[in-house]
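A.B. asks: Spelled out, the chains give:
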Amino acid sequence: MTPTAFLSDPHLAGLLPGERALVRRVHGSPDFSRRMSELGLVPGTEVRMVRRAPFGDPIEFVVRGTHFSIRRAEAEGIRVVAI
Amino acid sequence: MSSPSDLAPAPRETRVPRAIPLSGALPAGARRQRLVAVVGNPNSGKSTLFNCLTGLRQKVANYPGVTVDVSCGRCPLPSGSTVNLVDLPGAYSLRPRSPDEEIVRDVLLGIDTTTPLPDTILLVLDASSLDRQLFLALQVLDLGLPTILVLNMVDIAREQGHLIDRPALERRLGVPIFETVGRTGEGLDALRLALDQPVPRPTVRPLTHSDATGAEVRALAARIGARGRAAGTDAEPIAWALLCDEGGRMWQRLPQVAESDIAAHRARLEAADPEWRSAEAARGFATVEAILLEVTRKVSSADPVRRRVDRIVTHRIVGPLLFALVMGVIFQAIYAGAQPVMDLIERGTSWFGGILSATLPAGPFRSLLIDGVVAGVGTVLSFLPQIALLFLFIGILEDTGYLARAAFILDRLMGVVGLPGRAFLPLLSSFACAIPGIMATRTIENRRDRLATIFVAPFMSCSARLPVYALLIGAFVPSLGWGPVSLPGLVLFALYLFGIVVAFVTAWALRRTVLRGPRASSVMELPPYRTPAWRGLVTTITGQSLEFVKKAGTVIVAVSAVLWFLASYPGGAPETRALQTRLAVAEQSGDAAATTALKTSVAGSTLRHSFAGQIGLALEPIIQPLGFDWRIGIGLVTSFAAREVMVSTMATVWNLGDASDNTVSLRQAIREAKNPETGASSYVPLTGISLMVFFALACQCMSTVAVVRRETGGWKWPILMLVTMNVLAWLASFAVFQGGRAMGWG
Chain L
1 MTPTAFLSDP HLAGLLPGER ALVRRVHGSP DFSRRMSELG LVPGTEVRMV RRAPFGDPIE
61 FVVRGTHFSI RRAEAEGIRV VAI
Chain Z
1 MSSPSDLAPA PRETRVPRAI PLSGALPAGA RRQRLVAVVG NPNSGKSTLF NCLTGLRQKV
61 ANYPGVTVDV SCGRCPLPSG STVNLVDLPG AYSLRPRSPD EEIVRDVLLG IDTTTPLPDT
121 ILLVLDASSL DRQLFLALQV LDLGLPTILV LNMVDIAREQ GHLIDRPALE RRLGVPIFET
181 VGRTGEGLDA LRLALDQPVP RPTVRPLTHS DATGAEVRAL AARIGARGRA AGTDAEPIAW
241 ALLCDEGGRM WQRLPQVAES DIAAHRARLE AADPEWRSAE AARGFATVEA ILLEVTRKVS
301 SADPVRRRVD RIVTHRIVGP LLFALVMGVI FQAIYAGAQP VMDLIERGTS WFGGILSATL
361 PAGPFRSLLI DGVVAGVGTV LSFLPQIALL FLFIGILEDT GYLARAAFIL DRLMGVVGLP
421 GRAFLPLLSS FACAIPGIMA TRTIENRRDR LATIFVAPFM SCSARLPVYA LLIGAFVPSL
481 GWGPVSLPGL VLFALYLFGI VVAFVTAWAL RRTVLRGPRA SSVMELPPYR TPAWRGLVTT
541 ITGQSLEFVK KAGTVIVAVS AVLWFLASYP GGAPETRALQ TRLAVAEQSG DAAATTALKT
601 SVAGSTLRHS FAGQIGLALE PIIQPLGFDW RIGIGLVTSF AAREVMVSTM ATVWNLGDAS
661 DNTVSLRQAI REAKNPETGA SSYVPLTGIS LMVFFALACQ CMSTVAVVRR ETGGWKWPIL
721 MLVTMNVLAW LASFAVFQGG RAMGWG
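Order-wise, the sequence lines are chains L and Z. Position one of the first sequence corresponds to residue 1 (the working numbering), numbered consecutively onward. Position one of the second sequence corresponds to residue 1 (the working numbering), numbered consecutively onward.
Keep in mind that the hints were calculated from the coordinates and are not lab data. Ideal placement from N, C-alpha and C gives every residue a C-beta, glycine not left out. Among the hints, erroneous ones may be present.
Footprint (simulated), chain L over chain Z, 3 or more residues, beta carbon under 8 Å [stated by the list, open to error]:
| # | region |
| --- | --- |
| 1 | 89-95 |
| 2 | 123-133 |
| 3 | 313-322 |
| 4 | 413-424 |
Could you put together the complete structure from these sequences and hints?
C.D. replies: Listed below in C-alpha cells is the structure:
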C-alpha cells in the first residue's frame, strides 16, 4: 500500500451523517488510542456517524450505544472500513 | 456483624490513620465504620443513587455540575447500623486520563493518601449501556475487592428493549447484582439489605492478560510484595496499573518500587508485545461481547426522544439560537424571579431591626446589633434566592443532558480562544462561584487547557458579585421595561457578557503566550435526555444555600461587626463635636432644614474621622480617577474577604449616616448620597458603571486565590492571576470613568 493510499483510508470524520463503518485502527498518541479503545473503539467495532456540530466541528458518533463528541482532527485518526 | 474487612489478614488499625476528604463530613469515629465506594462511568446515575442512599446525611461535594470532589455520606441500613458511602468521581477506566480518574484508581488500589481502601465497592452501571460500561466492571472486578454490582436506570433500559438475564450475569461475573432506578428509589431497599450483609469478594477475574503481559505483571507484582500496600489488596492489579501509568506519578505512592524498575518492565513488555496498551481493551471488550451474548437480548435500541430533541437542539441554526435563548431566559429569570423573595427578606430584616430598636435601650450595643449584625446578615440573606435559582438552573441543565449539547455546540467557538468545549461547564459553574468552577476544571485532562480555564474562571460573574451588581443597578439604573425585557435585566446581562468577553480574550492571550501548545484531545459523552433527578437537585441546592448562609453567618457578620467598630470609633474628633453642638442648637430651635443638614454632616464627619474613613482616605488617591470616593474605598478593602461584603459594608456605612431611620433602603441611600461639603451628589450613574466594571474584573476573593493555589500546586498562578485581574480592573474602570466624563456623561 502506498503512503497516499494509506492517507486516503476512510476515517470517522469522513463519514456522512447516518453512515456506519467498522473500526480498523486508531491512530494518535498512545494516550488517545488507549482511551478510544477503553470507550469500546476496538478493531471490528461498529461505529455510526451521527452529525456535525452546528459550527462544523466536533462530530457526534455512536459506539456500543453511547454517543460521543470528538473533534474532526482526532476523528481523522480513527480509520474505518465501510460496511 | 462481620464486615468484609474482617477477611483482611492485617488489622486496619496498623495502617496510618487517614483523614477522609472534606473532614467534618463524617462523625467522630467514622473511620471504624465500613466504607463503601460508589464507582461508575460518568452519566451512570451514580451520584443520584448516592443521594438516594444518603439523603441529607452527607457533606455535599459542594457543587452542582460534575462531581469534581469526593463527597461522603452515611447510609442507614435495615439493621439500624450505618455505612459510610464515598461518591468517587465518574470514570471510564481505571487507567486515568484526568486527576478525577486518578482519584478513583488510587482509592480502589488503596494507595490514596486521603481516603482509605474501601471495604466494599458499589459498582454502578447504566443498564442500557452495558456493552460499553461493563468494561469498567471488568477492571474493577479484577481488583478482587468485595463488590456489589448495580444495574441502574433499568426502567429506561426496559423501555429501550434491553432484556437482561440478571442471574446469568451474576454467575458470569461472580458478584451479587441488583437492579435499581435511582430517580424513583426502586430497588434501593434490596440494595440496603445487601449492604447490611457481609459482601463476598468476586469469584471470577474476568480480565485476562496475554502471556507476555501476564509475565511482566507477575514479575512487577513480586517486587511490590506485601509490604507497603493496603491489606486486602492484590499486588497484580497494582502492578498492571503501574505499567499502564506511563508518564504518571503513581510510582511515587509505592516506595518499594523505583521508577526505573517499572520502566524496565515496560520496555520488556513493549519489546514482547508492541500492542500491549490496547490489548486490555481489545480483550476486555471481547469478553464483554461474549458475556452479553449469553445474558442479554436487545429488542430495539432506538431512542426516539434523543433523535427528535437532538434534531432541534443541535440544529445548525436553531441550536445556537436556542442556546442563546436558554442563557438569556436563565439570567432574566434569576433577576426577576428572585425579586419578590428578596423584597420579603429585606422587609423581614427591617421589621426585625425595628423590634430590636423598640425593645433594646439605645447605646453602642443596640447600634452594633442593628446596624452591624442584623443589617449585614439581612442584606446577604436577601440574595439567597438568586443563588438558589442559579444552582437550580445549572443542575437542571446538567441532569437533562443539555449541558453536554451546549458544550458540543460551543466546542468550535471555545476552540477559537484555545479552550476545550469541556471548559464550558467549569466556566458556567463559575457563574455560581469560581471555587466550584475551578475545582470542576479537574475534568480537563490537559494541563495547559486546565490552567487557562482556571485563570479565566474568576472573570465569570460569580454569585457574590450579584449582590453588588443588584445594589448598583437598583441605585443607578432606571427600571424601564419593554414587555418581558427590563433595562436592569439588560444591564445585568451586559455585565455577565462583559466578564465572558474578557475571560475569552484573556484565555486567547494566555494560549498564545505562557500557555502555548496544541489543544488536547477531549472526547465527551453526549448522554441521553433524562428528566432531572429532583431529589438530588434539591439536596445539592439546599447544601449550597446552607453553605452560603453559613458563610453569611460567620465571615460576613464578623466583617460587619468589625466594620461597625471601624466606622464608629474612635469618634470625638473636634470637627464632629463642633457639628454636634450646632446640631443640638438647631434641634432646640426647631429648624427642621438645618437639623437634617447637620445630621448628615455629623454622620459624614464621624465616618471621615473613624478608622475606616482613614483607610478609605488613604486609598482615595488611587481610586479617585475611577470615580470612587473614600467610602467605596472602604468597601473595596472589606470586599477582599468576599465580594458580597461590599454590600454590607455600604449598608453599615450608610445606616450609620442615617441611624434614626432604618427603613430607608440602601439603594436610596446611595442614590441620594450627598457630599457633606458641597451638597452635590456623591455618586453619579457613571460612578456606578465604573464600579460595576471594576467588580466584574477585579480579583477580590481570598477564597479564589486559595483554591487556585491548591489546584495549581503553587503560588505562581494565583499571584499572576491576582495581579493581572486587578490591573485589568483598574484600567477598565479608568477607561470607563474618564472616557465617560470626556464624552460629557455624569
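A.B. asks: Each hint needs a verdict: does it hold in this structure or not?
C.D. replies: Structure-based check of all given hints:
{"no.": "1", "hint": "89-95", "verdict": "holds (count 3)"}
{"no.": "2", "hint": "123-133", "verdict": "holds (count 4)"}
{"no.": "3", "hint": "313-322", "verdict": "holds (count 6)"}
{"no.": "4", "hint": "413-424", "verdict": "holds (count 3)"}
Hint violations for this structure: none, all hints satisfied.
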